[in-house]
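Trainee: Sequence:
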Amino acid sequence: GAEYLYIIFASIFFVSLGIIADLRYLQPDMMLFIVVLCVVALATKILGCGLPAKCMGMTWKESMMIGVGMTPRGEVAMIVGLIALNHFKEMAAATADPARSAELLALGNELFIAIVVVSLVTTIIVPLIFNGIFFRKERKEAQACAAEIRTHT
Numbered sequence: 011g012a013e014y015l016y017i018i019f020a021s022i023f024f025v026s027l028g029i030i031a032d033l034r035y036l037q038p039d040m041m042l043f044i045v046v047l048c049v050v051a052l053a054t055k056i057l058g059c060g061l062p063a064k065c066m067g068m069t070w071k072e073s074m075m076i077g078v079g080m081t082p083r084g085e086v087a088m089i090v091g092l093i094a095l096n097h098f099k100e101m102a103a104a105t106a107d108p109a110r111s112a113e114l115l116a117l118g119n120e121l122f123i124a125i126v127v128v129s130l131v132t133t134i135i136v137p138l139i140f141n142g143i144f145f146r147k148e149r150k151e152a153q154a155c156a157a158e159i160r161t162h163t
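Here my numbering is used: position 104 in the sequence shown is 114, and no number is missing along the way.
Please note that the accuracy of each hint is not assured.
[Unchecked claim] Calculated cross-link-like contacts (lysine-lysine; reagent style BS3-like; alpha-carbon spacing at most 25 Å):
1. 71 with 55
2. 150 with 55
3. 64 with 147
4. 150 with 71
FYI, nobody ran anything at the bench for these hints, they're computed from the structure. Computed from a prediction, not measured in an experiment: that's the story for all the values here.
Please work from the sequences and hints to get the whole structure.
Mentor: See the structure below:
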């Protein structure tokens, strides 16, 4: 029941945000800002979730796994971005100066696009970090075990 509703409405929510995102505002000069924002997003989640886990007695690896696992930014960041975008649109509509109105619209759209990109990057990068760093040893052990099984059959 409820899980199907979640899947349907979450999909509608994220698709509608994707439709709102105007990729024309994703400019090359924004890349440094987006990279810095991604680094800050990763660092704050790793520190904010990983350090308390370490204080609770977990190992450094377990603490880092918790911090990295909490990194993906999703619906909350998107909602904040959408509120900011709507606020910039309202300010642009209330401004009599057309040039200032265009600047406000551009700024709002650029910030929203940056938030969407950071959300996507942090969501995509976590599985890569887990598979590449945290589960490397387990993957090697599984491959060695599989190779040993093949040699005995």
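Trainee: Could you work out which of the previously given hints the structure breaks and list their numbers from low to high?
Mentor: 2
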